[in-house]
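*Asks:* Below, each chain spelled out in residue letters.
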Amino acid sequence: MNASAIEVADVSKRFRIYRDRPTSLKQRVLSSRSRAEDFWALRDVALDVRQGGTFGLIGHNGSGKTTLLKCVAGILRPTSGTIRQRGRLAALLELGAGFHPELTGRENVYLNASFLGLSRRQTDAAFDDIVAFAELEDFIDNEVKFYSSGMLVRLGFAVAVHVEPDVLLIDEVLAVGDEAFQAKCLDRVRAFQREGRTIVLVTHALDTVIEICDRAAMLHHGELHAIGMPADVVREMRYVLLGVTDPNFVPEEGTREAEIAEVQIVRPNGSSEGAILRGDPLTIVIDVRQHEPLDELDVDFAVLDGATNHAVLDAGTSRAGLDLGRFEKKRVRFRIEAFPYEPGKYWVTVGLSNRATGHLYHVQTQRYLFEVVDAPRVQERVQVPVAVEVEDL
Amino acid sequence: MATTTETVERTSESPHLRVGERLRILAAHREILANLVRKELKVKYAASVLGAVWSLLNPLVYLAVFSFVAKVLGAGIANYPVYLLSGLLAWNLFSASMGSGARAVLDNANLVKKVAFAREILPLSAVGVGLVDFALQSAVLLLYVIVSGYGLHLPELALWPLAFVTLLVLTVTLSLWFSALNVRYRDVGHLLNIALLVWFWATPIVYAEFQVQDLAQRGTWFGIPRLAFYMLNPMVDVVAGFHRALYVFVQPVAAQEPVLFDGSLGWVAGVLTITLVVSLVGLRLAWGYFFNRSGDFAEEL
Chain W
350 MNASAIEVAD
360 VSKRFRIYRD
370 RPTSLKQRVL
380 SSRSRAEDFW
390 ALRDVALDVR
400 QGGTFGLIGH
410 NGSGKTTLLK
420 CVAGILRPTS
430 GTIRQRGRLA
440 ALLELGAGFH
450 PELTGRENVY
460 LNASFLGLSR
470 RQTDAAFDDI
480 VAFAELEDFI
490 DNEVKFYSSG
500 MLVRLGFAVA
510 VHVEPDVLLI
520 DEVLAVGDEA
530 FQAKCLDRVR
540 AFQREGRTIV
550 LVTHALDTVI
560 EICDRAAMLH
570 HGELHAIGMP
580 ADVVREMRYV
590 LLGVTDPNFV
600 PEEGTREAEI
610 AEVQIVRPNG
620 SSEGAILRGD
630 PLTIVIDVRQ
640 HEPLDELDVD
650 FAVLDGATNH
660 AVLDAGTSRA
670 GLDLGRFEKK
680 RVRFRIEAFP
690 YEPGKYWVTV
700 GLSNRATGHL
710 YHVQTQRYLF
720 EVVDAPRVQE
730 RVQVPVAVEV
740 EDL
Chain E
352 MATTTETVER
362 TSESPHLRVG
372 ERLRILAAHR
382 EILANLVRKE
392 LKVKYAASVL
402 GAVWSLLNPL
412 VYLAVFSFVA
422 KVLGAGIANY
432 PVYLLSGLLA
442 WNLFSASMGS
452 GARAVLDNAN
462 LVKKVAFARE
472 ILPLSAVGVG
482 LVDFALQSAV
492 LLLYVIVSGY
502 GLHLPELALW
512 PLAFVTLLVL
522 TVTLSLWFSA
532 LNVRYRDVGH
542 LLNIALLVWF
552 WATPIVYAEF
562 QVQDLAQRGT
572 WFGIPRLAFY
582 MLNPMVDVVA
592 GFHRALYVFV
602 QPVAAQEPVL
612 FDGSLGWVAG
622 VLTITLVVSL
632 VGLRLAWGYF
642 FNRSGDFAEE
652 L
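Protein sequence lines, in the order shown, are assigned to chains W and E.
Number 718 in the working numbering belongs to position 369 of the first sequence; there are no gaps in the numbering.
Number 637 in the working numbering belongs to position 286 of the second sequence; there are no gaps in the numbering.
Rather than coming from a laboratory, the hints here were simulated on the basis of the structure.
Treat the hints with caution; some may be incorrect.
[Claimed, not checked] Pairs of lysine-lysine, DSSO-like flavour, derived with a Cα cap of 27 Å:
{"id": "1", "chain 1": "E", "residue 1": "K465", "chain 2": "E", "residue 2": "K393"}
{"id": "2", "chain 1": "E", "residue 1": "K464", "chain 2": "W", "residue 2": "K494"}
{"id": "3", "chain 1": "E", "residue 1": "K465", "chain 2": "E", "residue 2": "K395"}
{"id": "4", "chain 1": "E", "residue 1": "K393", "chain 2": "E", "residue 2": "K464"}
{"id": "5", "chain 1": "W", "residue 1": "K494", "chain 2": "E", "residue 2": "K422"}
{"id": "6", "chain 1": "W", "residue 1": "K533", "chain 2": "W", "residue 2": "K494"}
{"id": "7", "chain 1": "E", "residue 1": "K393", "chain 2": "W", "residue 2": "K494"}
{"id": "8", "chain 1": "E", "residue 1": "K395", "chain 2": "W", "residue 2": "K533"}
{"id": "9", "chain 1": "E", "residue 1": "K465", "chain 2": "E", "residue 2": "K422"}
{"id": "10", "chain 1": "E", "residue 1": "K465", "chain 2": "W", "residue 2": "K494"}
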């Protein structure tokens, strides 16, 4: 049941970057050797994607995500290593592959669909759906050279989401269109999940990874930097984005008699997203669940400066003189009246421990992130002397 | 959802071409081929009033020009339209498919880099477009042959399928080979244009086959009849096959000397069979080369 849909075993991919590469016989004959530099886009990457899983692949630009996807799809050949892949595969590396401006929308749908592995009959059956999804009913028999770029993208995506493979590779294509269209796309991905299809998703939208993936990996300069639960990998990604790398870093520990159920960092506007201004109030909301009756439970948190990794602020229930007692689930709010520190990124570490023994039940180290920006300056009006001179010309 | 158990393994090794397995994959991708051919045809004649009529005009213009030239030079061939067109249509299929086939991978660089599909489809679609033109032009020739009362002749007509299959195998072979080669060395395209020009005149399309035979019979090279060297050009054999199948007469009643190669029907069939066998071997080699190189196309474009 839980067999792998994709097994990537120690795959490396080397690109040769040629200077003065001979592209003609003359050059080939005259220059005995062209200078080539090696660039390793992937180095010994090993990962498994189980059947029916949704796998998120994240990393910086140039980290090798797309190269890995192309190797799995069979567009590129790995330099070493093996990729084993089960079931019918469709790769969405580009929307509207094969679209030709002189063809009508209808003709392009059939052409593009065949590249994505849909038979003519399947395309016939899905055609009305495709057109409706793209919202192009009135233009489908016009040549696509008359389409706007938005219409082209919608048509390309509409075909793409109607593929019926066992394994679907998606490269960044979810990031097209307006918000409403994106929501529609995410719905389709969820439908794919329900249908038991395996999905590999390359994206920069880290929150999407947490939301829809059940496993994730992060590539960094062609190497597998992290693999595991999406939240952990995304946290690691954010950690790397800040430029901090600590090999001894333990993201989560504890014996889990009590657990951190949820943490929200509530901004002044009530949302848990977005940057705050220096001096803004901030509320850290921690939901705690006890799996067995515990006494002396202490909930505390620390805020760390992302630049230096030093704690700049901390607080806890015990220090505030509160005894939480035994409970099933409780919500603790730490309200900071005004966050006083410099603009920058800040991590939040949250911990549950026994205040008498110091035993750790559950600690999430630097899992949550918020950003402080400078308040826009409004200049006060002051009196400025202005000298006036007039002369005849 | 149906779960298939087929497993694909990808390694650094370029996979060995297994013809049967590969044919199955190509068959599975046949809709891409059909759609690409349809696209090429549509694009070729898009926004043109006459559309496919243009493809029929080409042989007619050739006919007018070469009838005139032949009259002026005094080398008249009886029933020249049948002679010229039966050879020219074969040549058009060959040269047009190869010309666009050689560019097929390069011109579709974006597809090759972004979509996984059997790369052979690209040169094959060029041949497919050539075939459609060939069919249209053949219909015109057939019509002419019937309306003019020239007629079709058995058993010579039985040679047509053999000549056609040989032409097709030869065209596919060279299209595959040149399209793969063109990715590495862009001069292949230029070279091909010049080669096709020479090749056209090295093939008995506008002039009579017998003229060459007549010249060649005057001597031998290395003890081998000179004609054998001329016939090493596979297009000579293919065109001779089409001539024999449609033009039929080695020496038409009205002519002073023979037009076609002076040989029996069996001899022409034998020569064609040898060419076909050699082309099939060539096809296996060219396909192997293409398949081997195709794994790196996405990188080299």
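*Asks:* Hint by hint, which ones does this structure get wrong, listed from lowest number up?
*Replies:* Those not satisfied are hints 5, 8 and 9.
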